[in-house]
Structure formats: structure tokens, C-alpha cells
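Asks: Let's have the full structure, built from the sequences with the hints guiding it.
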Amino acid sequence: MDTPMTDAQAHAPSEHRDDLGAKVGMWLFLFTELILFGGLFILYSAYRSMHAHAFEDAGKLLDVPLGVTNTVVLLTSSLTVVLAIAYMQRGDRRKATAFLLATIGLALTFLVIKTIEWSAKFEHGIFPGSPHLLEKGPGETLFFGLYFLMTGLHGLHVIIGGILLTVMLWWVVKGKTTQDNYVYLENAGLYWHLVDVIWIFLLPLFYLAA
Amino acid sequence: MEHTTETHADHPSIGTFLAVWLALVVLTAMLVIASQVSHDLAVAAMLTLTPLKAGLVLYYFMHLKYEGVLLKAMVFVAIATLLVFIGFLFFDIGFTW
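So the protein lines, in turn, are chains A and B.
Quick note on numbering: the first sequence equals residues 549 to 758 in the working numbering.
Quick note on numbering: the second sequence equals residues 4 to 100 in the working numbering.
There's no promise every hint is true.
[Stated by the list, open to error] Heads up, simulated BS3-like pairs for lysine-lysine below, C-alpha to C-alpha not over 27 Å straight-line:
1) A:K722 - A:K643
2) A:K571 - A:K643
3) A:K571 - B:K75
4) A:K662 - A:K608
5) A:K684 - A:K608
6) A:K724 - A:K571
7) A:K643 - B:K68
8) A:K571 - B:K68
9) A:K571 - A:K722
[Said to hold, decoys possible] If you anchor each label on the Cβ, the simulated ranges turn out as follows:
10) B:T84 - A:W718: 35 to 45 Å
11) A:K722 - B:G97: 49 to 59 Å
12) A:T663 - B:I36: 23 to 33 Å
13) B:I17 - A:F696: 33 to 43 Å
14) B:I17 - A:A600: 42 to 52 Å
15) A:V731 - B:Y62: 17 to 27 Å
I should point out that these hints are in silico values taken from the structure, not numbers from a laboratory.
Predicted model, so just to flag it, every value in this text is computed and none were measured.
Backbone N, C-alpha and C fix where the C-beta goes; we use that ideal spot for every residue, glycine too.
Replies: Structure, rendered in C-alpha cells:
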């Protein structure tokens, strides 16, 4: 894309671009993510129906204020990324940059809170396969197995999303993303919103399970 | 050659996004409060408010409101497929235990 071109060539009618196609492709990928996490939600529901009381007891051990704080952090990051796109559409590069920076900052905040949470669980002897959990029984073991798997997989998506957004920031600063060509930024935004949507479901399933 | 005519005309306003964010935060607060009141209310809130929140993100933040019928239909089929599987699961659990 960035190979040396004269201005006339860059804007020549022969330039091949299909923004709708790019977006359809992104959505198709997001569907695979939806089915991936959807499968895990189905697994959660099945185990919860088998171990209803153990799931409720185990849910009490999770830190509700931290879970809710992280929800607000992610919801706000969804807003900031959508504003970054909105300002890019309006050709305001400075504001788009600022809101992308804010989004990346919120992604890091989410990860810091997640780390604090997981560390506290480890200190209390709660981690996959820990003797403490095995003592408590199969229900608690399944609950925390799913908790670490699903929040871990989600956390991995936050890290990938953060990296994507950093690349987008670089492209906005460099001028590769412009008012007339911002489909990559839009697609990165779609990915980030999906990460938010998944967390919207994780909050009640785990933190509010008690 | 630029497709300025249709794509740049109807940008959603900044105010819309702020309103959606506020609604999401309020719905989250309602969900948390409901979960502290009673078990039944918590389940009811989980089953109604959570899909509503996800819907708001999909419709406004993910721009579905402003997309054509192709993308809307694709998302509908994907979510419907997932719901069918979830439905099967509940039938299965209902008849097994």
C-alpha cells in the first residue's frame, strides 16, 4: 500500500478498495469469536445446572467491586474508540489520536485490575488444579476452572485488542488512516467492541453469580 | 471517484454515543443492584438487562444501525444460530435432570 506512488497514482480510479468487503470479512471473523465464547457459555450453563449450589458459593469468592469497576472501564473504552472513529470521519486527527490513546490507557487499566484480582485468588490458593480447590469439591473446581479459562481467554483478547489499537494509533499519527480511508480503524473498533460484549456476559455469569 | 455522497452524509452524532454509554452504565448499576436483592430478581435482570446491553453495543457502537441489510442479516443469522444451540442445551438439561 505504502509503496512510492505519486499523488495522481494514489488517487487513480484503478485503486482497489472494498470497504464493505473488509467489514464483512471482519464480521465473519467476529462470528467465529462469538461461537467460541458461546460454546464456553453453554458449557458454563450445563455445569451450573449440575452444581447450582457450588457455583453460587464459589461466586461469593469473587471481588464484585473489581468486576464492576472493570465493566465500567471496558464500557468507557468502547465509547472512546467509537469517538476516535467518529472524529476520524470528521477529519479531526488530533481528537482521534487523543481518544485512541485513552482507549489504550483503559485497556491497560483493565489488565492491571485483572492482574490484581488473579494475584489475590492465587494467594488464597485458588488456581486451576490447586489442592485447596480439589478439597472444596467438583462444583467449585469447575466454577474456577471456567472462570480462569474464560476471563483468561478474554484477557488475551484485551491484550491483542490493545496491540491492534496501538497499530491503529500509529497509522493515524502517520497519516495512513485518513478521513477517506479508515476501514482498518473501524475494524479494530469492531474487535474492541466484541471484547466489551463478551465481558458484558462474563460479569453476571461469574461476579454476580452469588 | 470518492464515495463521499452516501457514506459521509449520515454520521451518527457524538451525543448519541454519549447517551448510549450513559445507558450502559445505568443498566450495569441496575444489574448489580438486582443481583444483591434476591436470587429471582438477579436471574431476571441477567436474562433481560445483559442482552439489552449487548444489543446497545452491537446496534450503536458497532454501527449496525447504520449498516445495510446484508450485515444486519448476517449478524441476525449468527446470533440466531447461537441461540438455537443454547435452546437445545436447555431442552437437553430439562429432560436429563
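Asks: Now tell me if each hint is right for this structure.
Replies: Hints, one by one, checked against the model:
Using a Cα cut-off of 27 Å, the hinted pair A:K722 and A:K643 holds, with the two alpha carbons roughly 15 Å apart. Annotation: proposed proximity of A:K571 to A:K643 holds, straight-line Cα distance about 24 Å (limit 27 Å). At roughly 12 Å between alpha-carbon atoms, A:K571 and B:K75 fall within 27 Å of each other, so this suggested pair holds. The hinted pair formed by A:K662 and A:K608 meets the criterion: a straight-line CA distance of about 17 Å does not exceed 27 Å.
For the proposed pair A:K684 and A:K608, the alpha carbon gap of about 14 Å is at most 27 Å, so the pair holds. For the hint pairing A:K724 with A:K571, the CA-to-CA distance comes to about 18 Å; that is within 27 Å, so the pair holds. The straight-line distance between the Cα atoms of A:K643 and B:K68 is roughly 24 Å, inside the 27 Å bound, and the hint therefore holds. Restraint check for A:K571 and B:K68: the C-alpha separation of about 14 Å stays at or below 27 Å, so the hint holds.
Pair hint A:K571 plus A:K722 holds up; C-alpha atoms about 23 Å apart against a cutoff of 27 Å. Restraint check, B:T84 to A:W718: a C-beta distance of roughly 36 Å satisfies the suggested window 35 to 45 Å. Restraint check, A:K722 to B:G97: a C-beta distance of roughly 56 Å satisfies the suggested window 49 to 59 Å. Our hint of 23 to 33 Å for A:T663 and B:I36 holds, since their Cβ atoms are close to 28 Å apart.
The supplied range of 33 to 43 Å is met by B:I17 and A:F696, whose beta-carbon atoms lie about 39 Å from each other. At roughly 45 Å, the beta carbons of B:I17 and A:A600 sit within the given window of 42 to 52 Å. The hinted window of 17 to 27 Å between A:V731 and B:Y62 holds, with their beta carbons roughly 20 Å apart.
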